[in-house]
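S.K.: Produce the complete structure using the sequences and hints provided.
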Amino acid sequence: MACRFAQVKPNPSIERTSSGRLRLSNVRLHVPRSAIVVRPATEADAPTMLEIYRPYVVGSIISFEQEVPPIKEYTARVGKYLASWGGVVAEAEGQLLGYAYGSPHREKAAYKWSVETTVYVAQHAQRNGIGRKLYSAL
Numbered sequence: 008m009a010c011r012f013a014q015v016k017p018n019p020s021i022e023r024t025s026s027g028r029l030r031l032s033n034v035r036l037h038v039p040r041s042a043i044v045v046r047p048a049t050e051a052d053a054p055t056m057l058e059i060y061r062p063y064v065v066g067s068i069i070s071f072e073q074e075v076p077p078i079k080e081y082t083a084r085v086g087k088y089l090a091s092w093g094g095v096v097a098e099a100e101g102q103l104l105g106y107a108y109g110s111p112h113r114e115k116a117a118y119k120w121s122v123e124t125t126v127y128v129a130q131h132a133q134r135n136g137i138g139r140k141l142y143s144a145l
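Residue numbering for the sequence shown follows the numbering used here, beginning at 8 and increasing consecutively.
Just so you know, the hints here were simulated from the structure itself, not pulled from any lab data.
Hints are supplied without guarantee of correctness; some may be wrong.
[Stated by the list, open to error] Just the calculated beta-carbon pair ranges, DEER-fashion:
1) 114 with 42: 35 to 41 Å
2) 68 with 110: 17 to 23 Å
3) 119 with 80: 33 to 39 Å
4) 91 with 63: 27 to 33 Å
5) 39 with 115: 42 to 48 Å
6) 74 with 121: 25 to 31 Å
[To be verified] Within a straight-line C-alpha distance of at most 20 Å, the following computed SDA-like cross-link-like pairs (lysine to any residue) qualify:
7) 87 with 114
8) 119 with 91
9) 87 with 134
10) 87 with 145
11) 87 with 125
12) 87 with 111
13) 87 with 75
14) 87 with 55
15) 87 with 41
16) 87 with 102
17) 87 with 37
18) 115 with 91
19) 79 with 49
20) 87 with 120
21) 79 with 120
22) 87 with 116
23) 87 with 113
24) 87 with 115
25) 87 with 54
26) 119 with 90
27) 87 with 47
28) 79 with 90
29) 79 with 115
30) 119 with 92
31) 115 with 88
32) 79 with 58
33) 119 with 89
34) 119 with 103
35) 79 with 63
36) 79 with 51
37) 87 with 39
38) 87 with 49
39) 87 with 72
40) 115 with 90
Think of the CB as a built atom: it goes at the ideal place given N, C-alpha and C, for glycine as much as any other residue.
M.R.: Put into structure tokens, the structure is as follows:
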């Protein structure tokens with residue numbers, strides 16, 4: 008689904024994603040904050056959440072993962088997080104732009120009030136206040 012807020016920056020290029028889809032790179036969205044809707048995440052969001060997560064695993068060390076997890080494993084993770092601390096997603100015009108969830112910091116009883124928070128924003132949608140909206144809603 009195309010988002011009417013897309014803005015192509017100089018020198019766009021077309022790349023093929025790992026799933027075989029074509030993607031226009033060097034594109035940033037300018038999304039008015041009023042257009043961003045934050046709602047509770049569901050396991051059905053897991054495939055799109057994984058596509059947002061993928062570049063962080065492949066292109067950085069932020070996620071502490073060395074390989075992109077398979078969709079079945081990632082969906083199970085999402086289900087586990089949603090069942091414990093919950094999670095939210097941000098979208099505009101039906102396009103998922105980011106997500107956030109909480110998870111236990113450690114398993115020991117003394118850490119029961121400590122939580123690890125995670126936020127990922129689609130790379131083309133960064134710098135629109137989406138992360139802030141997700142943290143606030145979480």
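S.K.: Evaluate each hint against the coordinates.
M.R.: Going through the hints against the structure:
In this structure the supplied range 35 to 41 Å holds for residue 114 paired with residue 42, their Cβ-Cβ distance being about 39 Å. Between residue 68 and residue 110 the beta carbon distance is about 19 Å. The supplied range of 17 to 23 Å therefore holds. Between residue 119 and residue 80, the C-beta spacing of about 26 Å breaks the proposed range 33 to 39 Å. Between residue 91 and residue 63 the Cβ separation comes to about 22 Å, which falls outside the hinted range of 27 to 33 Å.
About 44 Å separates the C-beta atoms of residue 39 and residue 115, a value consistent with the hinted range of 42 to 48 Å. Between residue 74 and residue 121, the C-beta spacing of about 28 Å keeps the proposed range 25 to 31 Å intact. Taking the CA atoms of residue 87 and residue 114, the gap is near 14 Å; set against the 20 Å cutoff, the hint holds. Restraint check for residue 119 and residue 91: the C-alpha separation of about 12 Å stays at or below 20 Å, so the hint holds.
A C-alpha spacing of about 29 Å is found between residue 87 and residue 134, which places the hinted pair above 20 Å, so the restraint is violated. Straight-line distance between C-alpha atoms of residue 87 and residue 145 comes to about 16 Å, which keeps the hinted pair within the 20 Å bound. For the proposed pair residue 87 and residue 125, the alpha carbon gap of about 14 Å is at most 20 Å, so the pair holds. Taken as a hint, the residue 87 and residue 111 pair is honoured in the structure, with Cα atoms around 11 Å apart against an allowance of 20 Å.
With a C-alpha separation of about 18 Å, the suggested pairing of residue 87 with residue 75 holds against the 20 Å cut-off. Proposed proximity of residue 87 and residue 55 is supported: the alpha carbons are some 17 Å apart, at most 20 Å. Straight-line distance between C-alpha atoms of residue 87 and residue 41 comes to about 31 Å, which puts the hinted pair past the 20 Å bound. Simply put, residue 87 and residue 102 have alpha-carbon atoms about 24 Å apart, too far for the 20 Å limit, and the pair is violated.
This hinted pair does not check out: residue 87 and residue 37 have alpha carbons roughly 33 Å apart, beyond 20 Å. Pair hint residue 115 plus residue 91 holds up; C-alpha atoms about 15 Å apart against a cutoff of 20 Å. Restraint check for residue 79 and residue 49: satisfied, since their Cα atoms lie roughly 14 Å apart, inside the 20 Å limit. Under the criterion of a C-alpha separation no larger than 20 Å, the hint pairing residue 87 with residue 120 is consistent with the structure, at around 17 Å.
A hinted pair counts as satisfied when its Cα atoms are at most 20 Å apart, and residue 79 with residue 120 does not qualify at roughly 29 Å. Taking the CA atoms of residue 87 and residue 116, the gap is near 18 Å; set against the 20 Å cutoff, the hint holds. Pair hint residue 87 plus residue 113 holds up; C-alpha atoms about 15 Å apart against a cutoff of 20 Å. Restraint check: the Cα-Cα separation between residue 87 and residue 115 comes to about 17 Å, which is no more than 20 Å; the hinted pair holds.
At roughly 15 Å between alpha-carbon atoms, residue 87 and residue 54 fall within 20 Å of each other, so this suggested pair holds. The straight-line distance between the Cα atoms of residue 119 and residue 90 is roughly 15 Å, inside the 20 Å bound, and the hint therefore holds. Under the criterion of a C-alpha separation no larger than 20 Å, the hint pairing residue 87 with residue 47 is consistent with the structure, at around 14 Å. With a CA separation close to 17 Å, the supplied pair residue 79 and residue 90 stays within the 20 Å bound.
Taking the CA atoms of residue 79 and residue 115, the gap is about 27 Å. The hint is violated against a cut of 20 Å. About 11 Å separates the Cα atoms of residue 119 and residue 92, which keeps this hinted pair within 20 Å; it holds. Taken as a hint, the residue 115 and residue 88 pair is honoured in the structure, with Cα atoms around 17 Å apart against an allowance of 20 Å. Our distance criterion of 20 Å between C-alpha atoms is met by residue 79 and residue 58, whose separation comes to about 13 Å.
About 16 Å separates the Cα atoms of residue 119 and residue 89, which keeps this hinted pair within 20 Å; it holds. The hinted pair formed by residue 119 and residue 103 fails the criterion: a straight-line CA distance of about 31 Å is larger than 20 Å. A distance of roughly 19 Å separates the Cα atoms of residue 79 and residue 63; the hinted pair therefore holds under the 20 Å criterion. Proposed proximity of residue 79 and residue 51 is supported: the alpha carbons are some 12 Å apart, at most 20 Å.
Proposed proximity of residue 87 and residue 39 is contradicted: the alpha carbons are some 32 Å apart, above 20 Å. Annotation: proposed proximity of residue 87 to residue 49 holds, straight-line Cα distance about 11 Å (limit 20 Å). Taken as a hint, the residue 87 and residue 72 pair is honoured in the structure, with Cα atoms around 18 Å apart against an allowance of 20 Å. A threshold of 20 Å between alpha carbons decides the hint, and for residue 115 with residue 90 the separation of about 18 Å falls inside it, so the pair holds.
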